[in-house]
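> Top line first, the protein sequences correspond to chains X and S. Quick note on the working numbering: the first sequence kicks off at 1 and runs consecutively. Quick note on the working numbering: the second sequence kicks off at 1 and runs consecutively.
The hints are simulated quantities; they were obtained by calculation from the structure and are not laboratory data. Treat each hint with caution, since some may be false.
To be verified - Cross-link-like lysine-lysine pairs, in silico, DSSO-like; alpha carbons within 30 Å at most:
| no. | chain 1 | residue 1 | chain 2 | residue 2 |
| --- | --- | --- | --- | --- |
| 1 | S | K32 | S | K102 |
| 2 | X | K99 | X | K80 |
| 3 | S | K48 | X | K99 |
| 4 | X | K80 | S | K113 |
| 5 | S | K148 | S | K113 |
| 6 | S | K141 | X | K144 |
| 7 | S | K261 | S | K247 |
| 8 | X | K49 | S | K113 |
| 9 | X | K144 | S | K48 |
| 10 | X | K99 | X | K49 |
| 11 | S | K102 | X | K99 |
| 12 | S | K141 | S | K32 |
| 13 | X | K49 | S | K256 |
| 14 | S | K148 | S | K177 |
| 15 | S | K31 | S | K177 |
| 16 | X | K99 | S | K32 |
| 17 | S | K171 | S | K141 |
| 18 | S | K256 | S | K177 |
| 19 | S | K31 | X | K99 |
| 20 | S | K48 | S | K102 |
| 21 | S | K113 | S | K102 |
| 22 | S | K141 | S | K193 |
| 23 | S | K177 | S | K113 |
| 24 | S | K102 | S | K177 |
| 25 | S | K31 | X | K144 |
| 26 | S | K171 | S | K193 |
| 27 | S | K193 | S | K177 |
| 28 | S | K48 | S | K32 |
| 29 | S | K31 | S | K102 |
| 30 | S | K102 | S | K171 |
Unchecked claim - If you want the footprint, here are the derived chain S segments under chain X, 3+ residues with CB under 8 Å:
| no. | stretch |
| --- | --- |
| 31 | 53–59 |
| 32 | 256–266 |
Cβ coordinates follow ideal geometry from the N, Cα and C atoms, glycine included.
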Amino acid sequence: MNLTSKATRARKLLLLMSSFLLAIPTLGSEEPTVRVEPTDSVGPRALEKQTEDAVVRGYLQAWQTMRQALAENRTDSLDKGFVGVAKQRLADTVQDQQKLGIRTRYQDHSHHLTLLFYSPEGLSVQLADNVDFDVQLVDHGEVKATERVHTRYIAVMTPTEVRWQVRFFQAEPQ
Amino acid sequence: MKRRLLLLLSMLWLTGESLTFAQSSSLQIPKKIEAGTAFSVPTSGSGKATLYIIGPTQVLRRDFQLGETVSFESGDLHNAGHYMVVLTGPSTETTQMDVVPKPDPYTMSFLAKPSRIPVNLSQGISGVAYVFDTFQNLILKPTPVAFKMSDAAGGTESRTEPTHDGVAWVKMNSAPKAGPAQFNATAGSITEKRVVQQVPADPCNLRMTARPAGQDIELQTDPVRDCTGNPVPDGTIVSFTENYQGKISTVDVPLKRGVAKTDLPAHAGASISVATGVVLGNEIRWGGGR
């Protein structure tokens, strides 16, 4: 067998594999696009640019930790992004997923953030996120479905020692 | 080459078909339910199937036989949010649904700041209320929240604000009279209470008198009060300063029973002043009259 025929076979194999890859729905891990609406007024307290950046950074990190927790059924990563009710609910979801033998993969494609409210004493920031993401359901290792979702989340962030974290997280009805 | 292209196109077609099928749902599930409400999903056909309701804050799974009605009891699906619904069996169907908060407030997170504030400060007290339903879902539809501040002298200040995306806030004035004020927030049938301690503001019209006491001068302030007449708390430091021929002596004295007093050496021609914090009082020139 000469080198030319080996190369031809390899190309055919590569083509076949890439065709299969196209046919199997997978969720990539690309970074989402993020747009933040200009903040003119967020209620009773002026929001400094540094605070705004820290809030946005904390929120996006929370999404990362949520993705990881729900895909791997681990609650330890939630500490980096969530506190309070939000953390408890996600931890409950992870536990339920473990019991049911399922995992869910969330791939956020875009976030369009609007900061809505900065409380007068500086202890909470509320934001809205028009987000596009894919959800993939995996039951006992088998991909059951993948769905594109567009929704608006309302999040309440509170400052902790080192970062802003999500204390409340809820999707609005469409 | 043609065969490769055909293979690639057929794979793409298969992918497209599966996506189209997944999106064209005949799943008879309510598009929107109130949190915690019982609901059921009628199904048709035969064979084993599984229904999943998937969201970041809650997941549910039910195994059943097609043709049965899948029932969800009251309280089963209680976290408000947007959910993906998947039915797997002989084929797979997906759709989406919303769970909305119950409309009646059940709990409220009410933060009143600060807990201590000087009297008579305009817009000095803030109140922020987040309103939740019985399942700790944030009630996003506008809900009126009544804020009421009642001071020790019986004065009240009230305002009602609707929530925006679940939160309402106000700023209130502190009362002219020192003492505890009760700050209430009421939404529906629930009321949260906080106490804000209103303390005297900075002293106003600080004044001292002097009289000879042997080799010394005895200095004493009038009762120290703020501008609305509240006595400044004992322990507040008052400074008496004597300036005699360029030599300055200062004595810091805490208020006791509302007044501060001390003795300083009596030097004819000395000038003596009194101050507390940033507030200056009167000045006395000893020996040459006041």
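> Each hint needs a verdict: does it hold in this structure or not?
Taking the hints in turn, this is what the structure says about them:
1. K32/S <-> K102/S: Measuring from Cα to Cα gives roughly 12 Å; hence the hint holds.
2. K99/X <-> K80/X: With a Cα-Cα distance of about 24 Å, the restraint between K99/X and K80/X holds, given a limit of 30 Å.
3. K48/S <-> K99/X: 20 Å, holds
4. K80/X <-> K113/S: Within the cut-off at roughly 28 Å; holds.
5. K148/S <-> K113/S: 14 Å, holds
6. K141/S <-> K144/X: Violated: K141/S and K144/X sit about 35 Å apart, past 30 Å.
7. K261/S <-> K247/S: 21 Å, holds
8. K49/X <-> K113/S: 24 Å, holds
9. K144/X <-> K48/S: 15 Å, holds
10. K99/X <-> K49/X: Distance ~43 Å between K99/X and K49/X Cα, so the pair is violated.
11. K102/S <-> K99/X: 28 Å, holds
12. K141/S <-> K32/S: Holds, because 15 Å separates the two Cα atoms, which is no more than 30 Å.
13. K49/X <-> K256/S: The given pair, whose Cα atoms are some 48 Å apart, is violated under the 30 Å limit.
14. K148/S <-> K177/S: 17 Å, holds
15. K31/S <-> K177/S: 55 Å, violated
16. K99/X <-> K32/S: 27 Å, holds
17. K171/S <-> K141/S: 22 Å, holds
18. K256/S <-> K177/S: Given that 30 Å is the threshold and the Cα spacing comes to 21 Å, the pair holds.
19. K31/S <-> K99/X: Holds - the C-alpha atoms of K99/X and K31/S are around 27 Å apart, at most 30 Å.
20. K48/S <-> K102/S: 34 Å, violated
21. K113/S <-> K102/S: The given pair, whose Cα atoms are some 29 Å apart, holds under the 30 Å limit.
22. K141/S <-> K193/S: 23 Å, holds
23. K177/S <-> K113/S: Answer holds: K177/S to K113/S is near 18 Å, not above 30 Å.
24. K102/S <-> K177/S: 41 Å, violated
25. K31/S <-> K144/X: Roughly 21 Å between the alpha carbons, so the hint for K31/S and K144/X holds.
26. K171/S <-> K193/S: Holds. K171/S to K193/S sits at ~16 Å (cutoff 30 Å).
27. K193/S <-> K177/S: 20 Å, holds
28. K48/S <-> K32/S: With a Cα-Cα distance of about 26 Å, the restraint between K48/S and K32/S holds, given a limit of 30 Å.
29. K31/S <-> K102/S: The given pair, whose Cα atoms are some 16 Å apart, holds under the 30 Å limit.
30. K102/S <-> K171/S: Since the Cα atoms of K102/S and K171/S sit roughly 28 Å apart, the hinted pair holds (cutoff 30 Å).
31. 53–59: holds (count 6)
32. 256–266: violated (count 0)
Hint compliance for this structure: hints 6, 10, 13, 15, 20, 24, 32 are not met, and every other hint is.
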